[in-house]
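Please build the complete structure, drawing on both the sequences and the hints.
Protein sequences, first through last, are from chains S and F.
Oh and the first sequence: position 217 is 217 in my numbering, straight run, nothing missing.
Oh and the second sequence: position 39 is 39 in my numbering, straight run, nothing missing.
Just to be clear, a hint being listed does not mean it is correct.
[As the list claims (entries may be wrong)] With a straight-line cut-off of 20 angstroms between C-alpha atoms, the simulated EDC-like cross-links for lysine to aspartate or glutamate are:
no., chain 1, residue 1, chain 2, residue 2
1, S, K220, S, E47
2, S, K56, F, D286
3, S, K123, F, D330
4, S, K56, S, E453
[As the list claims (entries may be wrong)] Covered by chain S, according to a simulated footprint, are these stretches of chain F (three or more residues, beta-carbon under 8 angstroms):
no., segment
5, 141-153
6, 296-303
These are computed hints drawn from the structure, not numbers from a lab.
All C-beta atoms in this analysis are idealised placements derived from N, C-alpha and C, irrespective of residue type, glycine included.
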Amino acid sequence: MDALILSRLQFAITTIYHFLFVPVTLGLSIFVALLETWYINSNSYEERVKLKKLVKFFGTIFLINFAMGVVTGIVQEFHFGMNWSEYARFMGDIFGAPLALEALTAFFIESTFIGLWIFGWDKLSEKVHCLCIWIVAFGSNLSAFWILVANSFMQHPVGYAIENGRAVMTDFAQLVTNPYVVGQYSHAFFAGITTGGFLVIVVSAWKIATDEVSREMFVKTIRRAVLYTLVGICGVMGSGHMHAQYLAQANPMKLASFEALWETENPAPFAVVADINQEARRNDFEILIPNMFSFMVHNSFDGEVKGINDLQREAVEKYGSGYYIPNDVRGMFWSFRAMIGVGGLMLLIVLVTGCLVFFKRNEIREHLCCLKLMPLLLPLPFIANSVGWYIAEAGRQPWIVVGLQKTAVAVSPNLSANEVWLTLIGFTAIYLFLAVLAVFAAVMFIRRTKITEEV
Amino acid sequence: MDLNIIWFILITVLFTGFFILEGFDYGVGMMMFGRPKNERSQFVRAIGPVWDGNEVWMITAGGALFAAFPHVYATMFSTFYLALFLMLLALIMRGVAFELRGKFKTSDWVNFWDCGIMFGSFVPALLWGVAVTNLLRGVAINYQMHYVGTFLDLLNPCAIVGGIFFVFLFAFHGANFLLIKIADEKLLNELQKLSFRLGLNTIFAFVLFGLAAAHDTDILAKISTVIFLGLSIAALIASCAGAKAGNGCKAFLSSTLAVAFLTIGFFNALFPRLMVSSLSPNLSLDIYNAASTPHTLTLMTIAALIFVPIVLCYQFWTYRVFRARVTPQDVNYH
Chain S
1 MDALILSRLQ
11 FAITTIYHFL
21 FVPVTLGLSI
31 FVALLETWYI
41 NSNSYEERVK
51 LKKLVKFFGT
61 IFLINFAMGV
71 VTGIVQEFHF
81 GMNWSEYARF
91 MGDIFGAPLA
101 LEALTAFFIE
111 STFIGLWIFG
121 WDKLSEKVHC
131 LCIWIVAFGS
141 NLSAFWILVA
151 NSFMQHPVGY
161 AIENGRAVMT
171 DFAQLVTNPY
181 VVGQYSHAFF
191 AGITTGGFLV
201 IVVSAWKIAT
211 DEVSREMFVK
221 TIRRAVLYTL
231 VGICGVMGSG
241 HMHAQYLAQA
251 NPMKLASFEA
261 LWETENPAPF
271 AVVADINQEA
281 RRNDFEILIP
291 NMFSFMVHNS
301 FDGEVKGIND
311 LQREAVEKYG
321 SGYYIPNDVR
331 GMFWSFRAMI
341 GVGGLMLLIV
351 LVTGCLVFFK
361 RNEIREHLCC
371 LKLMPLLLPL
381 PFIANSVGWY
391 IAEAGRQPWI
401 VVGLQKTAVA
411 VSPNLSANEV
421 WLTLIGFTAI
431 YLFLAVLAVF
441 AAVMFIRRTK
451 ITEEV
Chain F
1 MDLNIIWFIL
11 ITVLFTGFFI
21 LEGFDYGVGM
31 MMFGRPKNER
41 SQFVRAIGPV
51 WDGNEVWMIT
61 AGGALFAAFP
71 HVYATMFSTF
81 YLALFLMLLA
91 LIMRGVAFEL
101 RGKFKTSDWV
111 NFWDCGIMFG
121 SFVPALLWGV
131 AVTNLLRGVA
141 INYQMHYVGT
151 FLDLLNPCAI
161 VGGIFFVFLF
171 AFHGANFLLI
181 KIADEKLLNE
191 LQKLSFRLGL
201 NTIFAFVLFG
211 LAAAHDTDIL
221 AKISTVIFLG
231 LSIAALIASC
241 AGAKAGNGCK
251 AFLSSTLAVA
261 FLTIGFFNAL
271 FPRLMVSSLS
281 PNLSLDIYNA
291 ASTPHTLTLM
301 TIAALIFVPI
311 VLCYQFWTYR
321 VFRARVTPQD
331 VNYH
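Shown next, in the form of structure tokens:
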């Protein structure tokens with residue numbers, strides 16, 4: 001393996017690892033903020049004592065996750081220069097701006113106000129303290145916005161010109177209002193709500209099942225988390241659908257690839273399963289739902305959807321000879337199905353949990369076994385998030401910036417394979433090691449913390 | 001004054017902020033070496049509320065470099081590949097350690113993470129010294145702005161002296177920060193003595209570094225740089241005197257000035273270059289051949305002029321909220 005493929009692998013591992021924590025930060029920060037708002041507005045002394053403990057309880061889980069997200073975010077920022085120097089040169093005029101703005105307008109407030117929130121319980125008034133966590137939540141989500149502005153340019157360049165072989169910014173407003181950002185940001189935002197909410201559901205369910213003295217309060221959080229997660233899931237599905245329709249214009253190659261549609265068809269069928277033969281550029285076997293893909297794209301059972309082979313021909317005309325098909329159509333196809341499948345499964349789980357905690361509240365005791373097993377479901381949102389990003393980034397290949405620069409020429413020319421091997425192994429090892437310790441610390445904390453009236 | 005010069009100044013400001021603020025964070029981390037657990041906890045508590053916000057100065061400096069001088073960002077980060085890898089490992093350990101060390105009370109757990117904080121503070125301090133010296137000294141940058149040297153080229157004697165100097169400087173600066181943050185009288189007495197000794201060592205390392213740099217670089221070519229470095233040494237001496245006299249405020253403010261003058265001196269020596277090429281002076285990256293377009297620079301100037309003062313305001317407020325000294329009781333409670 002050469003420095004290019006190793007650098008790609010390293011970036012992929014770092015991104016996926018980083019994005020295990022980011023959605024929790026996005027979603028759980030808002031949930032904790034809501035919880036604290038509830039706390040400061042509560043008038044009953046007993047309830048206040050318990051609510052404060054709850055805020056600190058979920059706040060601690062949030063903080064462990066936040067720390068992991070922050071440190072891996074730094075790695076991301078450094079990677080663009082370390083491994084992708086030619087990308088940084090080519091794109092710096094455009095890509096650097098949202099990155100710097102992220103640090104300046106979002107990351108600074110996030111990191112400063114999180115310190116105030118952690119240590120400010122006795123030093124700030126209740127309202128100011130609560131405001132701090134809202135600012136953290138705002139900063140985190142603003143930070144995600146800037147990063148997705150940067151990423152959206154790579155997926156769908158706008159507001160630029162090419163001068164002296166470099167992409168230069170001509171219109172900042174266009175960069176920020178890139179229609180691609182709308183789909184990506186809303187999808188990521190609601191994925192954050194879903195992930196954060198689902199985490200609260202799982203933790204609450206487990207506490208209800210295993211911790212009798214704290215049960216009452218966790219029934220309250222699980223009910224709120226169910227509603228919160230439902231909002232998230234509906235948002236994810238809606239924004240995902242909208243974004244896929246938009247892809248038909250903005251990046252049809254990506255859309256056709258994750259549906260493994262090789263030939264242009266009208267009406268186009270939806271492949272439920274397919275045995276993809278990338279070399280021959282066709283599916284050796286497929287089970288189809290007629291007209292369905294057309295319906296998904298056009299809201300009507302007729303309508304043309306472009307296939308990969310035609311798009312490849314168009315790309316050759318536009319960019320000259322080359323292979324413009326993402327090199328892992330099979331992986332994208334199955335990732336997309338995994339994402340949709342996991343999303344649907346989560347919706348079902350949340351609805352069933354909702355029925356239990358809202359309508360059969362008095363019978364909860366009979367279902368403790370089920371609730372106790374809920375932590376086994378915790379990987380679901382993380383799987384969906386990871387495969388989602390896989391589709392987004394693998395679907396951009398062979399480009400690093402669609403139509404402007406190929407991944408193969410973006411890598412730092414001074415790196416040897418051995419150097420990248422060393423760092424790849426080093427980063428992966430420390431990620432795994434810290435994940436184990438962080439999860440261990442979080443689980444032990446969740447186990448031993450009781451939410452009772454005792455101060 | 002054109003936009004490129006404004007951005008050179010802004011980058012200098014960001015690095016100055018970074019070295020001042022993260023400087024004492026790294027220093028406090030290094031001061032934990034060989035200290036008993038309850039003292040280490042007080043040290044961690046002293047920087048606990050602010051270290052994360054301080055670290056963003058580095059992130060912002062990096063991001064601003066990317067936005068304003070993309071070629072510098074690209075060449076610098078790929079040149080220092082393995083060094084930055086080590087630094088990232090250190091920063092990852094350090095960041096997680098601050099969060100996790102308090103999650104269990106057992107000695108093994110706390111000791112492990114405290115080692116992470118010490119390692120995570122020492123390594124970046126050392127590597128930033130090495131990196132900054134190499135920027136001044138010049139690295140093998142070819143006509144394509146690619147680094148053509150090896151990792152070992154970066155570990156030349158001059159750069160290593162620079163690294164050791166930064167370690168002492170930040171440790172001293174961190175010790176001075178503790179002088180204004182620790183309440184326990186007995187501990188404070190010990191820290192004063194330690195700080196004074198560290199200060200003397202820092203001055204010694206500075207002189208050593210100055211000699212090495214005078215030999216290897218053109219740092220003394222400009223009279224203005226000599227003045228800045230002179231002011232930095234003077235501030236260090238004042239800081240030492242402050243530590244000796246038990247005046248923590250004077251010691252800390254003086255070491256803050258010392259770090260600031262030093263950083264300004266470095267950038268002044270570099271100006272208008274940002275990375276010196278050791279192959280030929282024509283190949284150095286400067287504020288013109290490495291810059292973004294005027295459009296992007298204008299945009300970023302507006303953003304910086306609005307947001308940097310806002311950041312300074314709320315960070316200043318944070319320091320005010322947490323201005324009280326840390327008592328041994330504080331750490332038992334948290």
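Do the hints match the structure? See the list:
1. S:K220 with S:E47: Judged against 20 angstroms, a Cα distance of about 11 angstroms means the pair holds.
2. S:K56 with F:D286: Violated, at roughly 50 angstroms.
3. S:K123 with F:D330: holds (13 angstroms)
4. S:K56 with S:E453: holds (14 angstroms)
5. 141-153: holds (count 6)
6. 296-303: With 4 residues in contact (Cβ-Cβ under 8 angstroms with chain S), the coverage given for the segment 296-303 of chain F holds.
Comparing the model with each numbered hint stated earlier shows that hint 2 is the single one that does not hold.
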